[in-house]
Structure formats: structure tokens, C-alpha cells
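Visitor: These protein sequences, in sequence, are chains A, B and C.
Under the working numbering, the first residue of the first sequence is numbered 1, with each subsequent residue one higher.
Under the working numbering, the first residue of the second sequence is numbered 1001, with each subsequent residue one higher.
Under the working numbering, the first residue of the third sequence is numbered 2001, with each subsequent residue one higher.
Quick caveat, the hints were computed from the structure, so don't treat them as lab data.
Be careful, since some hints might not be right.
As the list claims (entries may be wrong) - Once the Cα atoms are required to be at most 25 Å apart in a straight line, the calculated SDA-like pairs of lysine to any residue come out as: (1) B:Lys1191 x A:Trp177; (2) A:Lys225 x A:Ala295; (3) B:Lys1006 x B:Pro1159; (4) B:Lys1006 x B:Val1229; (5) B:Lys1191 x C:Ala2022; (6) A:Lys18 x C:Ala2022; (7) B:Lys1191 x C:Phe2268; (8) C:Lys2191 x A:Ala287.
Stated by the list, open to error - Partner residues are not named here, just some residues of chain B that face chain C (Cβ under 8 Å, in silico): (9) Ile1013; (10) Val1115; (11) Asn1124; (12) Val1134; (13) Leu1138.
Every value quoted in this text rests on a predicted model; they were computed, and no experiment measured them.
Built from N, CA and C at the ideal position, the CB exists for glycine as well.
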Amino acid sequence: MSEAAAIEVRGLVKRFGKFTAVDGLDFRVERGEIFGLLGPNGSGKTTTVNMISGLSAPTAGSVAILGVDPLRQAQAARRLLGVVPQETALYEELTAERNLLFHAELFGIPARERAGRVSAMLELAQLTDRARSRVGTFSGGMKRRLAIARALLHRPSLVYLDEPTLGVDVQARRVIWDYILAMKAEGRTVLLTTNYLEEGERLCDRMAIIDHGRLVALDTPAALKARFGSSILELELQAPPAADLLAAIGALAGVRELGADGERLRVTLAAAGGGDAPAAAVPRVLAEVSRLGGAVRHLNLREPSLDEVFLGLTGRGLRD
Amino acid sequence: MWALIKKDLAVWIRSPAIMAVTLLPPLALLLVLALQAVAVTSEPVAVVNQDTGGRAAATLVQTAEAFDGFRTQLLSPQAAQAAFADLQVAAVLTIPRGFSADLAAGRRPALVWAVRNFNADSTNDLRRGLPDVVTSFLATGAAGADPIGITIREQDVHPHDVGLVAFQMVGMLAMLMLLAGLINAGLAAVKEWETGSVKELLISPVSPLSLIAGKVVAGVVAADIAGIVVTGVTIAAGLLTPPTLPQALIALAAMTLLATFGAGVGVALAAALRSADRMNPVAINASFYLFFLSGGVVALAYLPPWLRGIARVIPNTYAVAAFRQALLYGSTAGTATDLLWLAVAAAAGLLVGIPALRRGLAH
Amino acid sequence: MRAAWAIARNDLVQLLAQPVAAIVTIAVPINFLILFVLFAVGGGVVPVTVQTAGSSPATQAFVQALRDSSTFDVHPVSTAAQGAQAIAAQNSVAAITLPPDLGAPRSTVRVTIDNLNSDFADDIRRGLPLAVTQFYRAALPVQWREVDSYPTTASFLGFIAVSIQTVALLIGGLLQGGLGVAREWESGTIKELLLAPVPGWSVVVGKLLAAFLGALAGALLVLVALLLLGVRPTAWAEYAGVLVLVLLVFASIGVGLGSALRTRQTVFPLAFGAGLPLFFISGPFGAITWGTPAAAWVARIFPVVYANAAFQHAAYGIWTLDTSVGASWGILAAWTFVGLLAGVGLYRRATAAR
């Protein structure tokens, strides 16, 4: 018998009245990987995760975490799961330490172990010196760290983080990323939802992109880019281009889209279907520019970003 | 300065929560008082007439039935006993056998008055009711010549009586003005901290003094609007008669001064508490207690001497006095003194509030 | 049960972490009590001055009759000016002047009334003729004998105090129960509870326990105030029993309300909105059967009226309800059961995986 997956989602459907929030999702999260769930607001991301954590019941299909049904074996499932909610869900009037102690009590951690685990987690969150301060006085980053420490307190096998860096400054974001990578290093499975593709790219082993409750793509970040991205050539000319130059470049083979803004040109090259096709169009573009009397002041060829992958896949940006 | 007043007023008009916090407590109190006023009604009383056929007894029964302090029902002895035991009636008046004959013979027959003495108030109503019935009975002449020779001549201080609800309304108006001043100015100040807009104000070339003055004036104007609306509604409901212009001006002056006192205390509280969550309950409780301690809905004379002493140093007392004169009794007598004291209180409020908020803004 | 205890403790720690808010919620019923103390004062004895001409036996008898009328607080003065001054200084509301020929046929008692409002003025207008009747009582052709049902009569304040105790339990229970749960939704911490490996009922029990203890503090505060006002319960065990049952009923309903409403600003008005009318229809001033039948009918649906009756019984040994003692306790117990069901049911409904 094969080992149960960290998360197994099969034919998952969720309807609210006539509205279908999740429409037949299938995916499997392996143990020990960091799995990202991406999608714009309203794509069905939160509903999916609610069903995985047992807060919501599927209309059809099934969910299992480490082989456990989160609804029927709720208590067992909750012990396996550590959750870092987006709104952090901390008791603002209480101290950091009290928040952790309460969690320890709720999760039935034996009294003699509690103090040790709480202080270890405070240390992990770098909040030891603020242990007796009210959470209400903390910055967004500190709250997020405390919420992460709380989720890890009962040593879950699966950690779910909902938009872990939303509204957190750049420095705090790096710290949180390090925590997430450390979780993986300790052998935990991590599920995260995010709006930031950069974040998904940096952290995730695999990413699922969902839109309108359906799975649009599922692969490693690199493969997603290779498959759905387009390279972009950015040009800055000496003078704003004439209309005939724009028409000529637009008509070239391998050029998919063209945008102009003053002396700047943005040339989207045709999808990187095979090998060197996009780069091959670059000399042709440059040749056209000099043929029609233009002069290039600056040139940049860059890889597609996941934002553009996403735009290509769903026809809309992540944060519309 | 005018810009600040306008901004704070605009915020106020768009904040139903602030209006609710301001208007609900006085309205709730008014509801309580109105219910209390309605709750005081006549009590059910059974009359047992064992002197069937006696003419004087029949007259006494009629007199009791006509008395508006009781809801009287004539019952048999057994039925009356059962009704009394089952709490359907509060008292039973028994007219003894041979009552009419004894009366005629001058043997001074005795009525029996069984009273369910639950508490002093309802019991006293019953205790006072029977002599009232007896007096009316004697006045009918059914017991011969009426021995009562004293007449009472009444002279009233005010030209006409006002209703209890209108009387209490005016006390509530004072509470409303104080609370509105407190909450409006206080919340406007607290908001600057909560939204962080205090920074923008501090870097603007406006002096802190005009900033605070802006909050106080906006708070007072908003309070006046609330007070005028409430008074207007009360007049429209027929509880108050429309005041003459001088009376209206006196009432408005009293409102403004009391609200100014409230606004001064409000900004001081804001500087101390700095959050609406803490500010609201403190403001509501503070205005409740000042309302209570000023005697609230009763006249000063009814209060024990120590409370009367406290009431005399609470600005509400003087506002209520001015409101009563101007809005209830159609007079302006004594209101100058009231307004003077209110002005002193308003100045004191500002003297406390403005420096406190200024210090608060400074760091 | 372990989780329930942890949740209750967590709530109480939070309550103590915000002393201002805690004091305010706990003190709410005390404000109510003070309001009614004022009522009792206003509806009580009327301060009047009496100017007498000499001290004839008739004059003395009349002053005594005024004192016995259970209406007036008599302050003798020697001149009419003093009487007028007392009114102006708001130390009295009426000045009574007795004539030298008091008691002679057609003698006239004059009274100046500060008719602040019709209610206060009518107290004086009724009280004076009663004093006159009292003055003539020995000479009247009719006499009367009062038979009281109980050897002592509770004071007005002492009597309504019992209803205030009930309404304090109602408002305190609803507020503590409702706010404790609504707070979890407002702060998003409900997730922490929902994702913990504990059954829903243990969350309800924990919340209930915290609400119970929080509201109990308020109830005890009211009790202390009542003791200071001179209320002396004769049956302490009965008093404690009603207190616990009623608190359980309303704390459970509060937990249910908090789960259904999820915001504190809706719980507050609802608690008061329920408390005030129930206070007034549930016989605070006398038996409900003495008032309007419709109000009494509505009052019988709710537990407040039975709680009031049981409290009156515990405090004064009187029974103010036409429902028997046993049946009333049965209804209170049934309400406790219904309250608990509602609390658990509404919480589970609010948190069910849907």
C-alpha cells in the first residue's frame, strides 16, 4: 500500500446556491513539498483551503490530509494541521506568551511540556524579549511571526499559510520566507496561498493556478514559465518611432504584440514554444529599426515573469 | 480654522455610529421613564357587601366603584377570598352586615380593609385610597351631615401643569447635550489618533490651538443640532408648547454652554484615552452619572441633602433649571443666574480640555 | 472539559486585560439601580413647609395628620416668607399655611404648590384632603380597620431592587455571553478555536463558564448594593439558586446570540432592548396580575417573572405570582435547559462546516 499523500483532492466541487466556487478540482500534494495555490481573488482558493482544513464541507468529491478525512475525523485532522490565517487571528489584548499557552492548552499539549515548547517557539519567532507584551502593540511582521510560531507549536505535519506576506514589509517578508523554507527542511509539508508570483516562484516546489474554481495549470514554477511565458524585448530609441517603423516591426514573424510609449518600445515575442525561437526574432527587429532610420539607445531582453504567465493563462492579472 | 470645523462636522454627519452613541442612551432613558410613567396605574380591588339591601352600603359600593384610584369589582365573600389569595385583586374592602343600620344609629360601623402589603408604594396607594373613598362617601350625605369643615385653597407657582414625560424630557435634554458635546468633540479628537491623521494636522501650518478650537466648535455645533432636533420633535409630538423667541434663545444658550463644557471634558478624555473603544463607554457612563448626581428627572427638593449639595456643583443642574423655565414654564426668571453658572462651567471645561489635548498632541 | 476550562480562563484573562471595558460591562446594572433609586426618591415623600398660627391642639393634630398621611415630609416654618423662600431655594415643593381657626366650620387651609409637573403636583393635591380626613377620623361616622397580609412591608426600593437583580442577571448574562463570542468573530480568532482539535460543545461550555463568572461579578456587585440599601434576604440558599439558574439561562442565550450576530455592536442594543421591556412587564412594582392582562400574558412566556417571584420569596417570604412555587421553579429549570440548547445549537449552526 502506497503512503498516503500529504493532501489528496479528488473531484472537489463546492456550490453556494447557484454559484459554483470550486468546480471539479483534482490535485495531490506530496509529503515534504512546498505547494503553492495561486489565483486571483474570488478564484476559489479560500474555499478550497477551507475544505482542506475541514471548515467547509464539499458539495461533491473528497479531501484527505495524510489519509485522514478532515470532516469525519476532524480532531485527528486538526492535530496534523497547523494554520497561519491571513488575519493572524491572535488575541490582541493578551501577551505573546499567553497566546501560545492558550494554543498549547487547546491542542492538549501536556502541562509539563508547555512552558518549554512555548519558550522555544518564542525564540523561533525572535519574540523572547517581547513575550510579556500585548500582541496589540506588535508590528504586522511580529504578529505574522507569532502566528507562524503558534501554528508550529503542536508540531503539525502539514502547515497551511494563507497569504503569509500580505501587508508585510520587504525585510519581514524575507524572514518569513526563511521560516517557510525551514519548515520544509524539517520535513513538513507546506501549503500556501499567495497573490505574489514572485513569492510562489521563490518558495514553491510546485504551483497550482486556479481560476473560476478550476485548475488551470499545475507544475514547477520553471516549467510553467517555459510553457506559457513569452520573452520580452524592451527598446529605448533616440527619438519616438515613426508610424511606419511600428507597422514594420509589428508585421515581423515571431513578434506577437507591440507597445510604444514615447521613445520606448515593448516587443512581446511569440511564445517560447521551442528552443531559441523568441531570441531569433531579436536581430530581425533591430535590422528593421536601423533600416527605417532609428537608433537604439538601450536594449533589454528578459524572461517572462509569472505575472505574465498568469495573464496569459487566465486573461487577467492576479490583483485585478 | 473654519476648514477644520467644516471637516469635523462633515465627518460627524457621515458617522451614524457617533450619532447612535450620542442619541441612544438618552432615548433609552426616556423610554424607561415613559414606561415607568405608564406603569403607575390603578390597582384592582374587590368589594364585598355583606349589608345587602342597606342603602348606605349601596352608596358606599357606588362611591368605591367611581373612585379612579381603584379598579373595583363587587364580589361574593368566597369569590373575593379566592381572588385575593390568587393575587387577582390587591385588596378587599368588606362592608359588614348591618352597616347601614349601624351608621344610621350612630354606632360607627367598621369597614375591613384587607391589603396585600407587598411594598410600601403599592400599599400606601391602597392605604390612601380608602380614606379617599370614605371622604367621597361622606360628601354624598348618605351618612348624615358631613363633619369635615376644612376647605383647601390652592395657589400654583406655575401658570399651568406640565406632563410628567415633558418634565423628564427636559432633564434628558441636558444629558443629551452633555453626552453629545463629550462624544462629538472627544471622538473627533480620538479619531485623529486612530487614523493617524494627527500627523497630517501636526505638519500643517495650523496652530494646535485652532486645531483644538475647531474640534470643540464642531462638537458643540453638532450637539446643538442634535438638541434642536430632539426639542423640535418633542414640540411636534405635542409634549412641549413652542417657546417664544427669548425663551428659545435662553434654551439654546444653555444647550450650547453645557455642550461646550462637555466638549472641553471630551477632548481632555480623548487625550487621556486615545481610542474610541475606551472613549465611548467612559463618556456614556460619565454623562449618566452626572445626570444621576444632578438629580436627573426629579426636582432637587426631593433629594437627600448630601445629593442636593453635589447637584448644586454639577452644570447639568443649571441647564435643567434653565430648560424648565424656558421650555416648560414659559418664563425667563432666574435663567440669567443659570446661564452665568453654565458659562463658568464651560470655561472651566475648556481650561481643562484644551491644555490636556495640546499636551497630548505635542508627543 | 479541559479545553473548556482553557477557553474560559483565556476569556477571563482577556476581560482582566481591559479593566475599563470590564468595569463598564459589569457596572451597567448598577447604573440601572441608581436610576431607580432616583425614581423611588421622586415618587416618595413630598418635602413641604407648614406655617402654623400658634400651637392649638387642633393645629398639632393636623400637623400629625400630615405626617401620618405617608405623603409629606413636614418642615415647620414660622412665616409665610420662609415657606416661599424654601420653594425658591428648591428645598420644598409646597408651602402649607394653617389658619388660627383650624377645625372650625369653613376654616381654610391654603397651599402654594410648585407645580413642576402634574404627577408631582397631584401627589400634593391628593395628600392634603387625606390629611383632612385623617384629622377628622375620630369624629367620622365610619371607621375602618386595615388587615395586612404580611407582618412587615418591604420598602418600594427594596421591592423593585429584586427585579433589578433579575434584569442585572439578564443584561449581564446576555452581554458577557454575547460579547465573549462576538469578539472571537470580530478579531478573527474564531479560527483558532475552529481549527483546534476540540469539540464544539466544549467551546460553548468554556464561553458559558467565562460569561457566567463575568456576569456573576456584576450580579454580586448589585447584591452588595442591595445589601447597602437594606435588603436582607431571608432565604439565602433560595436566592443563590435563582441567581445561578437565571444567570445560566441568559449567559447561554448570550452565547447563542453572539454566535448568530457576530458583532459586539449588535449584541449591546439587543441585550438592553430585551432587558428594559422585560423588566417593566414582569411585575417590578407589584403582582403582574394587578396590571394589564396583555402585558402579564407576554411576561409569563419569559423566565424573568418567575425569577422575580422566586427572588421576592427568598428576600421577603412573599409570593407575588399566581403560578405556584413548584411550577415556577419547574419553568425556570426548563428555561435553563432551553437556554443551554439554544446556546449550543446556535454556536454549532454558526460554525458548522457548510
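Visitor: Taking the numbered hints from earlier one at a time, note which ones the structure violates and give those numbers from smallest to largest.
Guide: Of the numbered hints given earlier, those the structure breaks are 1, 2, 3, 6, 8, 9, listed in rising order.
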